[in-house]
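Based on the provided sequences and hints, a complete structural model is requested.
Numbering (the working numbering), first residue to last: 1 to 339.
Derived by calculation from the structure, the hints in this document are not laboratory data.
Just to be clear, a hint being listed does not mean it is correct.
With a cut-off of at most 20 Å between alpha-carbon atoms, the simulated SDA-like pairs for lysine to any residue come out as follows [as the list claims (entries may be wrong)]:
| id | residue 1 | residue 2 |
| --- | --- | --- |
| 1 | 84 | 144 |
| 2 | 112 | 275 |
| 3 | 88 | 113 |
| 4 | 69 | 42 |
| 5 | 323 | 312 |
| 6 | 88 | 157 |
| 7 | 187 | 156 |
| 8 | 282 | 309 |
| 9 | 33 | 43 |
| 10 | 88 | 142 |
| 11 | 153 | 210 |
| 12 | 112 | 93 |
| 13 | 279 | 11 |
| 14 | 33 | 164 |
| 15 | 153 | 132 |
| 16 | 148 | 129 |
| 17 | 112 | 183 |
| 18 | 84 | 33 |
| 19 | 328 | 270 |
| 20 | 84 | 71 |
| 21 | 69 | 142 |
| 22 | 69 | 12 |
| 23 | 279 | 215 |
| 24 | 74 | 61 |
| 25 | 33 | 136 |
| 26 | 69 | 112 |
| 27 | 88 | 35 |
| 28 | 69 | 32 |
| 29 | 187 | 202 |
| 30 | 205 | 42 |
| 31 | 74 | 92 |
| 32 | 40 | 17 |
| 33 | 139 | 77 |
| 34 | 328 | 275 |
| 35 | 282 | 339 |
| 36 | 139 | 81 |
| 37 | 40 | 239 |
| 38 | 153 | 239 |
| 39 | 205 | 239 |
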Amino acid sequence: MASEIIGYCKSCIVEHWRELETELLGLHARSRKKFGLPPKIPRKGIPCALCANECRIPNGRLGYCGLRKNENGKLLHLAGIPEKGLLKYYYDPLPTNCVASWCCAERDTRGKSNLAIFYGACSMNCLFCQNWHFRFLTKEMTSFYSSKAVYEKVTDDVACICFFGGDPAPQLLHALDVAKLVMESKKPVRICLETNGLENSAMLKRLANYVIESGGTIKIDLKFFSPELSMAISGVSNERSYENFAMLASMLEEARHDCFLVASTLLIPFYVDEDEVFKIAKFIAELNEDLPYSLLAFYPAFLLRDLPTTSREQALRCLRAAKLAGLKRIRIGNVHLLS
Numbered sequence: 001m002a003s004e005i006i007g008y009c010k011s012c013i014v015e016h017w018r019e020l021e022t023e024l025l026g027l028h029a030r031s032r033k034k035f036g037l038p039p040k041i042p043r044k045g046i047p048c049a050l051c052a053n054e055c056r057i058p059n060g061r062l063g064y065c066g067l068r069k070n071e072n073g074k075l076l077h078l079a080g081i082p083e084k085g086l087l088k089y090y091y092d093p094l095p096t097n098c099v100a101s102w103c104c105a106e107r108d109t110r111g112k113s114n115l116a117i118f119y120g121a122c123s124m125n126c127l128f129c130q131n132w133h134f135r136f137l138t139k140e141m142t143s144f145y146s147s148k149a150v151y152e153k154v155t156d157d158v159a160c161i162c163f164f165g166g167d168p169a170p171q172l173l174h175a176l177d178v179a180k181l182v183m184e185s186k187k188p189v190r191i192c193l194e195t196n197g198l199e200n201s202a203m204l205k206r207l208a209n210y211v212i213e214s215g216g217t218i219k220i221d222l223k224f225f226s227p228e229l230s231m232a233i234s235g236v237s238n239e240r241s242y243e244n245f246a247m248l249a250s251m252l253e254e255a256r257h258d259c260f261l262v263a264s265t266l267l268i269p270f271y272v273d274e275d276e277v278f279k280i281a282k283f284i285a286e287l288n289e290d291l292p293y294s295l296l297a298f299y300p301a302f303l304l305r306d307l308p309t310t311s312r313e314q315a316l317r318c319l320r321a322a323k324l325a326g327l328k329r330i331r332i333g334n335v336h337l338l339s
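The following block contains the structure:
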């Protein structure tokens, strides 16, 4: 079975990607056009290395995330720098429903809040995006906060700050400066990150050091194992996600608690099955079998509204596959969505 929007099942995509590539990437291009975003990662122009997409932006055009522009041969930052982050923020009472809440250091905290920083851009174009409304922030370009302005929202009631979105990857310079201000203040606040893992690796390592120092958590969404599925359904390669995850796993001994690094996978019906989960889980287990792994129930959103929610049977098959791959700490999340 398959989504009518995508038009092809998992096997067809994986086995016949070259024949389907133009058609499926065209679906992504059309979905991005209404938000004024480039149809694909630009490859001819000045380089931007601020995320794994490593755009080369033509004169007068935008980078894939929509936050960088080639202005007569110079890289113009429309947002995503310390002086200008494109985001919304809110206070989320603890414990929250964040993906890592089942194992994070604040899981039993009451009476405090998480400062949630929702960034308004992304380095992917997931057809199933659960937070797809971030695209309106990218399009409208009106909700700006400097890193100092965000830091000033860290009140005495804040126990942790989480950068998510959209995705923090295109605005990691901004997140880094917020984290630096928090750490320099000596406030007892944990720094956390939820991301697709497509950051510039050197910058991500810098942020990881702040996360470790504060006792926070980095959650990386390993969406697919098959590169063809990543291209077809998320629009870009997720190779760097795995590279960055492995790099962060190498830092585990420095962490102050056992929830520094968490992986998650959204169980998309007909596409992310037990075979896909087994391969992802095996990759994780070969790094460290005690790394926490969340299998998340899917809810139809953005373009993939024609799919059902994840079935209980699919979730249990994937749970067994992750255990068979060697992982010890696995959780099914969003169980209320299971059909």
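We went through each hint and held it up to the structure:
1. 84 x 144: With a Cα-Cα distance of about 6 Å, the restraint between residue 84 and residue 144 holds, given a limit of 20 Å.
2. 112 x 275: violated, 40 Å
3. 88 x 113: holds, 16 Å
4. 69 x 42: holds, 11 Å
5. 323 x 312: Given pair residue 323, residue 312 holds - Cα atoms ~17 Å apart, limit 20 Å.
6. 88 x 157: holds, 19 Å
7. 187 x 156: Given pair residue 187, residue 156 holds - Cα atoms ~8 Å apart, limit 20 Å.
8. 282 x 309: violated, 25 Å
9. 33 x 43: Given that 20 Å is the threshold and the Cα spacing comes to 18 Å, the pair holds.
10. 88 x 142: holds, 10 Å
11. 153 x 210: With Cα atoms ~18 Å apart, residue 153 and residue 210 stay inside 20 Å; holds.
12. 112 x 93: holds, 6 Å
13. 279 x 11: holds, 16 Å
14. 33 x 164: Judged against 20 Å, a Cα distance of about 23 Å means the pair is violated.
15. 153 x 132: violated, 25 Å
16. 148 x 129: Judged against 20 Å, a Cα distance of about 29 Å means the pair is violated.
17. 112 x 183: holds, 19 Å
18. 84 x 33: Violated - the C-alpha atoms of residue 33 and residue 84 are around 24 Å apart, more than 20 Å.
19. 328 x 270: violated, 25 Å
20. 84 x 71: Between residue 84 and residue 71 the Cα gap is close to 18 Å, so the pair holds against 20 Å.
21. 69 x 142: holds, 17 Å
22. 69 x 12: Not OK: residue 69 and residue 12 at ~36 Å, beyond 20 Å, violated.
23. 279 x 215: Outside the cut-off at roughly 29 Å; violated.
24. 74 x 61: holds, 11 Å
25. 33 x 136: holds, 12 Å
26. 69 x 112: violated, 40 Å
27. 88 x 35: Roughly 18 Å between the alpha carbons, so the hint for residue 88 and residue 35 holds.
28. 69 x 32: Cα-Cα ~17 Å, so holds.
29. 187 x 202: violated, 25 Å
30. 205 x 42: violated, 26 Å
31. 74 x 92: violated, 39 Å
32. 40 x 17: holds, 17 Å
33. 139 x 77: holds, 15 Å
34. 328 x 275: The hint holds at about 18 Å.
35. 282 x 339: violated, 27 Å
36. 139 x 81: holds, 17 Å
37. 40 x 239: holds, 17 Å
38. 153 x 239: violated, 35 Å
39. 205 x 239: Status holds; Cα separation ~17 Å.
In summary, the numbered hints that this structure violates are 2, 8, 14, 15, 16, 18, 19, 22, 23, 26, 29, 30, 31, 35, 38.
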